[in-house]
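Keeping their order, the protein sequence lines are chains A and B.
With our numbering applied, the first sequence covers 48 to 287.
With our numbering applied, the second sequence covers 254 to 473.
Hints may contain errors.
Computed footprint of chain A on chain B, listed as stretches where at least three residues anywhere in the stretch have a Cβ under 8 Å from a Cβ of chain A [said to hold, decoys possible]: (1) 376–382; (2) 396–402.
Just a few of them, taken from the derived set where beta-carbon distance is under 8 Å, the chain B residues facing chain A [what the hints assert, rightly or not]: (3) Trp387; (4) Gln388; (5) Val393; (6) Gln440.
Rather than coming from a laboratory, the hints here were simulated on the basis of the structure.
Small disclaimer: the values here were computed from a predicted structure and weren't measured.
All C-beta atoms, glycine included, are put in the ideal place defined by N, C-alpha and C.
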Amino acid sequence: MIEVSELHKRFKDLHVLKGINLVVEKGVVLSIVGASGSGKSTLLYCINALEAIDSGTITVDGEDVHAKGTDINRLRRKLGMVFQQWNSFPHLTALENVALSPRIVRKLSRAESRDIAAKQLEHVGLGDKLNSYPSALSGGQQQRLAIARALAMEPSYMLFDEATSALDPELVGEVLDTMRLLAEEGMTMICVTHEMGFARDVSDRVAYVHDGTIEEIGPPEQIFGDPQSDNTRRFLAKVR
Amino acid sequence: MESSLNFFTGFKVLDLLFLGEAAARTLLISGISIASGTVLGVLFGWLLYEGRIFGSLTLAPVLDVFRSVPLIIQLVLFYNFAPIIGLSLDPFACGAAVLTIYTAALVANVARGGIEAVAMPLRRASRSLGMTYWQDMMYVVAPIGMRTVFPAWVGVALGVMKDSALVSVLGYIELLKASQILITRTQEPFLILAVAGAFYFALSFPVARFADRLEQRWSQ
Ligand SMILES: Nc1ncnc2c1ncn2[C@@H]1O[C@H](COP(=O)(O)OP(=O)(O)OP(=O)(O)O)[C@@H](O)[C@H]1O
Ligand SMILES: [Mg+2]
């Protein structure tokens, strides 16, 4: 379970997150929607401590992410993350991209890491690209590579930060399909997304972030069918 | 026939050996300086990158001095001042020390450029996979940054090899000094400088070709 309570985050004078409270239970797929600049990416970065926080607490399976004594590198293994920009390691083949962290972080043998990598690349539909370099892959394939790379750490949670918004429209589908597959397999996921269709069809809960707070959270039928807040309604009218 | 035979009389096969031996010394002093200067330079480059304030206030100006004062002045100054502070260095040690610092000053900027070339989002991605700072440095930043700045580093290395000729002012008998000795004896400057130039070429050409090969392999 991921629990965020009273989270505040500032960048100098800019108060980005103003008291976020959020609980994500095991097995839940949560979509986070909201206007550009509302703090969605920052929230994800705080959850795996890629950004420091100003106040509040974030716990993952009861462990305080930002506490002094926390071994953050070990905790991050539980939290797979996929970014808007796909960030493949350009000097490694697809297989090596995925096998690297199992080998050096999980300390598995070379052979084991490669087996895991091959399995995960197969999983995301890149079984025929094991020896390709990222430069020879399309954006959609590189994004699926990034998903496989995160999965190879066998995380308990996956965080997606607009995984499809840097992609050409015709490549969005293949990445969303991969994310849908993960959701069906029972992965706990937090997906920051602009894809309202995905949010509606795949997620168990949808959160609308407005100006650094969670304005409204609920099942997709409620958020999309009967939003309670005016801000939510206005936002949804705009993106639809 | 007569005149061309005459032309070669001053220069003997043994002299070629003498030049070859001097070329080996050029290779030795530049090899040592480039290797240790690179290690030191990478360390400095990392300090410049990480210790923004400390680096730009203390290290950067010092390195600037070493990069901008002509090498020949550094050599002569260091050679004459070393005994004053109690260091008794032979020309080789003295030349290698100055060349090492000089190389390090040049490599520091190259290395910092290499670290900067690896974009922040990529480094966030590796940290998000659970890599530590040093794992990210070793497995992601170093290989990618190195590929980016490798041509610049080769430029520095070849430059230092040529600049090592200046160590001749201290009396170290490397290629240039050896040529001067032979010129004085044979009075055949063109021939001897041409041979010495050929030796320099023979030293750098394989390095340059090897570098090209590596770059081609990386850029696939
Ligand atoms: N490292 C940073 N330094 C300073 N300001 C930042 C930094 N990162 C984000 N911000 C600012 O914080 C605010 C929230 O940014 P964030 O990226 O979380 O928004 P977002 O909701 O993800 O937007 P988008 O939909 O465009 O990705 C923005 O105003 C942004 O300019
Ligand atoms: Mg964002």
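Going down the list of hints, with the structure as the test:
no.	hint	result
1	376–382	holds (count 6)
2	396–402	holds (count 3)
3	Trp387	10 Å, violated
4	Gln388	5 Å, holds
5	Val393	6 Å, holds
6	Gln440	55 Å, violated
The structure does not agree with the numbered hints 3 and 6 stated previously, though it agrees with the rest.
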